[in-house]
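Asks: Taken in sequence, the protein lines are chains S and E. Count the first sequence with this note's numbering and you get residues -19 to 239, in order. Count the second sequence with this note's numbering and you get residues 294 to 651, in order.
Careful: at least some of the hints might be erroneous.
What the hints assert, rightly or not - Partial list, derived from the structure: chain S residues whose beta carbon lies under 10 Å from chain E: (1) Q78; (2) F82; (3) P88; (4) S155; (5) P156; (6) R165; (7) R210; (8) S212; (9) L235.
Note that these hints are calculated values from the structure, not bench results. Cβ coordinates follow ideal geometry from the N, Cα and C atoms, glycine included.
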Amino acid sequence: MKVLKVRKVTLWLALAGALFGVGRLHAQAGFQVIVNDANAVRSMTAAEISDLFLRRTTQWRDGQAVIPVDLPDRSPVRDAFTVAIHDKSTAQVKAFWQRQVFSGRQVPPAEQGNDQAVLALVQANPHAIGYVADGLRLPSGVRRVDILGGSVASGSAHEIYTVATVDLLPELVSSPAVRYPSSLRRDRIEGDVVLKFVVDPSGRVDAESIEVIESTVGMFERPAIDAVRRSSYRPGRFQGRSVPVEVQQTVRFRLSTDQ
Amino acid sequence: MKRKVYSVLCLSALIGITAPATAQVDSQLSIHGYLTQGYGIANGGTFLGVSESGTGDYRNAAMQFRYALTDKGNVTLQFSHRRLGQSPVVTDEADVKLDWAFVGHRFGDVDVRIGRTPIPAGIYNEVRDVGVVLPLYRAPFNFYLEGAFTSETVDGVVASYDVVPAAGWGLEFSGFAGGWGMINRMTIDSSYAGLAVRVEQGLGGQFWLTTPIDGLRAGVGASRQEIDQGDFAGTWKEWHASVDGTFHWFTARAEYRVFDLPILDYAAYYGYLGLHATERLTFHGQADFADLEYAPLPSVDFNDAYTAGASYAFQPNLVLKGEAHFTKGYWADAPVIDFTSDRPASVNYVVISLSTAF
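Excised from the complex, chain S in its bound form:
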């Protein structure tokens, strides 16, 4: 009798756990994005990966259909991927797909049951893209994709463009006032900082891509990076689409204008 009661209690707890999501209190997980080795793509921004998994981009650059593969929505790896790539929770992305499906527009990527199933599918299909737990050993025929950063879901290209390869260069729309270091102002020191960074397809600067190429005075670097990071651009375009473009910009510090 006691055993039966314990079983009943366990059953109710399991049911409550399933309903209220108790079982979803997972530890933080990492992920790696993978493609078939035959795929020419070596790196992508988070925004580009997001577009593939939300089916805003449906073809690779060679015209082949993209086959995105998801893990189940209870997977902690999927939670980590969703937050990092889509900048949304798994529940928010599920809500997005419910709206897409039941307005007749799109259906979500197919789900595979676990990492091994995702690996097997990507290994077998040159047009597939998936993600698995970080640190998982990849079999032959499957390659990790470097994530270049950026979390804004827009754009469609699969590589970073240069100013020489786009049809239209990114154009600065707005930038904040640059902070002039007070000690350098007091000592009347001027200078320049040359930065390299990626303007993503939404026109925002990918903060992780900012790199100092040249600087006359080290103390100018931080305010220059801060200013660039908060600038917004009209995105670069290639074949009619907004694309991520790597650009260089010189931030000048002059006492007359504080720039």
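Using the hints provided, position chain E relative to the given structure of chain S.
Replies: Chain E in isolation, oriented as in the chain S frame:
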């Protein structure tokens, strides 16, 4: 008895389909569905089938089958089932009807769907029966007019085009053309009845502007249609404007709509606020109004509705809702009243519902 059998079937389906479905990646066929089962009870009359004696014969369900012909094309069928208690607007509605049947294809940046296709209009029209998407049991009634005078689908063509005009901005244009069947609610011999009419030469479009503020968008749309039967025969014109903000802690929405009919003008507008107390628990408040211009009468305050409710999402695809509606006006099924001579009726009702989808 028949209704009871349906209820049992629906509840069985509710339990069955809450299990996560996993499609095969090499399969071209995807199957999705949704179900909302509600119970409603009213005070002071009957509102859209919710009576003073209460009803559990209240649900929406659909099964959708989508077959990918190519990576750019698909054919989609959706079958639906709807019950609104004893409301006259569903008296002649089939228990299961063909909701959608269309062929879709993407030409560059343009999506084209031909057949019986959801009409893009406002925030909710395409998903107005999908409980897991709607914050309350139904889309705001004065605005979307569930069951009468409007349609969720067009038999014709729908095209949509997305463009990114500037950094952080997005623009979506949707247009539709074709005809559809719908119910016009009439008063006959001191009771309400639904008159099935056919709309032809329906034509409309909608713009949505997505702003750089994540979650905020605004839209405008308009349509026209020809009806050749009943008291409302003639050319109908309609336009609407929408603002939709979905943020981490709250969701705020407002829409305004005007119907310009041959014999009257109908304006509806609502504001909605949802406070996300946690990721799963949301509190809802809504104020939804309708005004009527019917010459030579002065402007009629046709219906005012206030709603308060709460929803709890056990999972994204399993949502429990409870809501109380306070209405005053002329939209109630009972008492049957005439807006040209009678005072408005106050009918309050409560709906508890459980929604799922897969």
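Asks: Each hint: holds or not?
Replies: Outcome of the hint check:
1. The beta carbon of Q78 (chain S) is positioned within 10 Å of a beta carbon in chain E (closest approach about 5 Å), and the interface hint is therefore held.
2. The beta carbon of F82 (chain S) comes within 4 Å of a beta carbon in chain E, closer than 10 Å, and the hint placing it at the interface holds.
3. Here the hint on P88 (chain S) is kept, as its CB sits about 9 Å from the closest CB of chain E, short of 10 Å.
4. A least Cβ separation of about 13 Å between S155 (chain S) and chain E goes past the 10 Å threshold, and the interface hint is therefore violated.
5. The closest approach between the C-beta of P156 (chain S) and any C-beta of chain E is roughly 15 Å, which is over the 10 Å cut-off, so the hint fails.
6. This hint is violated: R165 (chain S) has a C-beta 32 Å from the nearest C-beta of chain E, more than the 10 Å allowed.
7. Checking R210 (chain S) against chain E: minimum C-beta separation of about 13 Å lies over 10 Å; hint violated.
8. The beta carbon of S212 (chain S) comes within 6 Å of a beta carbon in chain E, closer than 10 Å, and the hint placing it at the interface holds.
9. For L235 (chain S), the suggested interface contact is broken, since its CB lies about 32 Å from the closest CB of chain E, more than 10 Å.
Of the numbered hints given earlier, the model fails hints 4, 5, 6, 7 and 9; all others are met.
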